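Engineer: As a plain string of letters, each chain reads:
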Amino acid sequence: MAAAPTDIQHRSPNIPALGLRFLLLAGLSILLLVIDHQHNHLDATRKAIGAAVYPLRIVVDAPISLWRWIGETAASRNELKLENSRLNAERLLTHARLQRYASLEAENTRLRAMLQATAGVRDRVRVAEIMSVSANPFRHVLVVDKGTRDGVYDGQPMLDADGVVGQVIEAGLLSSQGILISDPDHALPIEVNRNGLRTIAVGTGEYDRLDLPFLPNNADIGAGDLLVTSGLGGAFPAGYPVAVVETVTRIPQEPFAAVSARPAAALNQVREIMLIWSVDGGTETAVTEADNNE
Amino acid sequence: MSKDRASRRLPILASIVFALMLTIVPLPDAASPFRPDWVALTLIYWAMNLPKSYSVGSAWIVGIVLDVAHGTLLGQHALALCFMVYVTVKFHLQMRQFPLSQLTATVFALLALYQFILFWINGVAGVHAAAATYWGPVLSGTIIWPLLSMLFSGLRYRAHSRV
Numbered sequence: 001m002a003a004a005p006t007d008i009q010h011r012s013p014n015i016p017a018l019g020l021r022f023l024l025l026a027g028l029s030i031l032l033l034v035i036d037h038q039h040n041h042l043d044a045t046r047k048a049i050g051a052a053v054y055p056l057r058i059v060v061d062a063p064i065s066l067w068r069w070i071g072e073t074a075a076s077r078n079e080l081k082l083e084n085s086r087l088n089a090e091r092l093l094t095h096a097r098l099q100r101y102a103s104l105e106a107e108n109t110r111l112r113a114m115l116q117a118t119a120g121v122r123d124r125v126r127v128a129e130i131m132s133v134s135a136n137p138f139r140h141v142l143v144v145d146k147g148t149r150d151g152v153y154d155g156q157p158m159l160d161a162d163g164v165v166g167q168v169i170e171a172g173l174l175s176s177q178g179i180l181i182s183d184p185d186h187a188l189p190i191e192v193n194r195n196g197l198r199t200i201a202v203g204t205g206e207y208d209r210l211d212l213p214f215l216p217n218n219a220d221i222g223a224g225d226l227l228v229t230s231g232l233g234g235a236f237p238a239g240y241p242v243a244v245v246e247t248v249t250r251i252p253q254e255p256f257a258a259v260s261a262r263p264a265a266a267l268n269q270v271r272e273i274m275l276i277w278s279v280d281g282g283t284e285t286a287v288t289e290a291d292n293n294e
Numbered sequence: 001m002s003k004d005r006a007s008r009r010l011p012i013l014a015s016i017v018f019a020l021m022l023t024i025v026p027l028p029d030a031a032s033p034f035r036p037d038w039v040a041l042t043l044i045y046w047a048m049n050l051p052k053s054y055s056v057g058s059a060w061i062v063g064i065v066l067d068v069a070h071g072t073l074l075g076q077h078a079l080a081l082c083f084m085v086y087v088t089v090k091f092h093l094q095m096r097q098f099p100l101s102q103l104t105a106t107v108f109a110l111l112a113l114y115q116f117i118l119f120w121i122n123g124v125a126g127v128h129a130a131a132a133t134y135w136g137p138v139l140s141g142t143i144i145w146p147l148l149s150m151l152f153s154g155l156r157y158r159a160h161s162r163v
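Chains as they are written, first to last, in the numbering used here: chain A, 1 to 294; chain B, 1 to 163.
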């Protein structure tokens with residue numbers, strides 16, 4: 001019975017100035033939409049609200065992290081030994097490859113010096129963990145646990161072990177949002193590794209397909225060609241694998257060929273990504289492991 | 001009195017925060033197109049039952065937070081939620097009298113309205129997506145509504161009787 005007065009209060013039909021309040025708020029929303037769509041003046045606001053959402057992301061991520069932690073802690077000794085030996089073998093293999101790479105790189109620098117070209121760009125890498133992926137089907141966005149405090153900046157490239165994943169669109173203080181290359185709004189300057197043919201790869205909204213809409217019918221491209229970043233456009237360093245061409249459909253009466261490619265990175269399976277900092281003229285590729293406790 | 005109000009508001013705020021968490025929790029690829037609009041459903045319930053405390057203003061603030069969480073244009077979800085809650089509050093007396101089946105149909109219409117505004121703003125802003133992706137949340141939201149409203153009415157009466 002204690003609830004009676006409030007119930008009567010809520011039963012009164014008139015909500016004061018509801019229409020007016022709605023119109024004001026709708027106008028404000030539209031104003032925000034226009035400002036946000038045409039300029040980027042609202043970044044500070046976004047960051048402030050993003051910081052408020054951060055604890056929620058932590059809480060949401062906690063059970064998943066806990067589950068993984070339990071899985072790792074409870075893994076049997078045998079499994080760990082197996083994994084250890086597998087990793088050791090893998091490390092040996094990569095090490096051997098890296099040796100060859102070092103000599104190639106030295107040779108490349110020498111040749112570039114002979115050609116009086118600028119020295120290639122060296123990269124610094126840092127691992128970041130993915131906290132959540134976009135809930136929005138038409139927006140392929142993910143959130144990682146590194147922010148401006150760790151030196152993340154807007155437009156920074158994100159990679160996984162196999163290729164380009166996307167780029168940072170919004171660096172917050174503690175976490176950042178990145179757009180995947182499969183987002184329908186994302187376009188990436190690429191070249192065909194085999195012959196240097198330059199074009200642009202556009203996201204389709206599907207995790208396993210990119211479109212190359214700007215290739216003429218007579219372009220020298222075929223299924224199986226590896227596409228790498230061209231470095232043009234400035235956002236991505238050159239030479240990272242992006243995708244492998246899957247199908248090339250040439251329709252004689254159409255001006256452009258329909259080319260689709262499969263991203264090299266496993267866009268919907270990654271758990272960790274690498275953030276790349278381009279360091280000009282460095283002598284060594286520094287790899288900083290992220291300080292996550294796993 | 002203020003403590004009174006605070007203790008009555010707490011469960012409602014908690015439900016909204018929980019809805020936000022459910023919105024950003026990762027789901028498997030197959031299920032994510034059918035993620036219900038938890039926030040929209042929660043706001044419909046509270047706007048229908050407590051329209052004096054929770055109407056367009058709260059919806060707008062929650063919408064802005066949702067925009068940041070989704071990385072969409074600032075104001076998109078705010079406008080959509082605001083309009084949906086406006087319609088809800090406008091018809092809240094009728095909706096309270098509806099039997100469950102009719103109310104569920106109304107919720108379907110409200111969710112479709114919400115998705116339509118999102119779709120419309122996406123169209124104006126040039127964000128393209130298959131039309132089918134907008135229907136998943138509407139359908140799953142309608143299916144989940146009867147359960148959710150039962151849960152919330154339990155929550156509400158417990159909160160009231162504790163006062």
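Hints listed in this document are in silico derivations from the structure and should not be mistaken for laboratory results. Computed from a predicted model, the values in this text were never measured in an experiment. Hints are supplied without guarantee of correctness; some may be wrong.
As the list claims (entries may be wrong) - Think about it this way: if two alpha-carbon atoms lie no more than 20 Å apart in a straight line, the pair counts; the simulated SDA-like pairs of lysine to any residue are: (1) Lys90/B <-> Leu20/A; (2) Lys52/B <-> Gln94/B; (3) Lys90/B <-> Leu23/A; (4) Lys52/B <-> Leu20/A; (5) Lys47/A <-> Ile61/B; (6) Lys90/B <-> Arg21/A; (7) Lys90/B <-> Leu18/A; (8) Lys90/B <-> Ile130/A; (9) Lys47/A <-> Val17/B; (10) Lys47/A <-> Lys52/B; (11) Lys52/B <-> Ile276/A; (12) Lys90/B <-> Ala17/A; (13) Lys47/A <-> Met21/B; (14) Lys52/B <-> Val34/A; (15) Lys47/A <-> Thr109/A; (16) Lys52/B <-> Arg21/A; (17) Lys47/A <-> Ser15/B; (18) Lys90/B <-> Leu24/A; (19) Lys52/B <-> Ile117/B; (20) Lys90/B <-> Ala26/A; (21) Lys52/B <-> Ile130/A; (22) Lys52/B <-> Met21/B; (23) Lys90/B <-> Tyr134/B; (24) Lys52/B <-> Arg86/A; (25) Lys52/B <-> Gly19/A; (26) Lys47/A <-> Leu66/A; (27) Lys90/B <-> Gly19/A.
Engineer: For each hint, tell me whether it holds in the structure or not.
Structural biologist: Hint-by-hint comparison with the structure:
1. Lys90/B <-> Leu20/A: holds, 13 Å
2. Lys52/B <-> Gln94/B: holds, 16 Å
3. Lys90/B <-> Leu23/A: Given that 20 Å is the threshold and the Cα spacing comes to 14 Å, the pair holds.
4. Lys52/B <-> Leu20/A: holds, 15 Å
5. Lys47/A <-> Ile61/B: Judged against 20 Å, a Cα distance of about 15 Å means the pair holds.
6. Lys90/B <-> Arg21/A: Judged against 20 Å, a Cα distance of about 13 Å means the pair holds.
7. Lys90/B <-> Leu18/A: Since the Cα atoms of lysine 90/B and leucine 18/A sit roughly 8 Å apart, the hinted pair holds (cutoff 20 Å).
8. Lys90/B <-> Ile130/A: At roughly 42 Å apart (the allowed maximum being 20 Å), isoleucine 130/A and lysine 90/B break the hint.
9. Lys47/A <-> Val17/B: The given pair, whose Cα atoms are some 19 Å apart, holds under the 20 Å limit.
10. Lys47/A <-> Lys52/B: violated, 31 Å
11. Lys52/B <-> Ile276/A: violated, 51 Å
12. Lys90/B <-> Ala17/A: holds, 11 Å
13. Lys47/A <-> Met21/B: holds, 18 Å
14. Lys52/B <-> Val34/A: With a Cα-Cα distance of about 30 Å, the restraint between lysine 52/B and valine 34/A is violated, given a limit of 20 Å.
15. Lys47/A <-> Thr109/A: Answer violated: lysine 47/A to threonine 109/A is near 41 Å, above 20 Å.
16. Lys52/B <-> Arg21/A: holds, 13 Å
17. Lys47/A <-> Ser15/B: violated, 24 Å
18. Lys90/B <-> Leu24/A: holds, 16 Å
19. Lys52/B <-> Ile117/B: violated, 25 Å
20. Lys90/B <-> Ala26/A: Roughly 16 Å separates the two Cα atoms, so the pair holds.
21. Lys52/B <-> Ile130/A: violated, 40 Å
22. Lys52/B <-> Met21/B: violated, 25 Å
23. Lys90/B <-> Tyr134/B: With Cα atoms ~25 Å apart, lysine 90/B and tyrosine 134/B exceed 20 Å; violated.
24. Lys52/B <-> Arg86/A: Roughly 63 Å separates the two Cα atoms, so the pair is violated.
25. Lys52/B <-> Gly19/A: Holds - the C-alpha atoms of glycine 19/A and lysine 52/B are around 13 Å apart, at most 20 Å.
26. Lys47/A <-> Leu66/A: violated, 28 Å
27. Lys90/B <-> Gly19/A: Holds. Lysine 90/B to glycine 19/A sits at ~9 Å (cutoff 20 Å).
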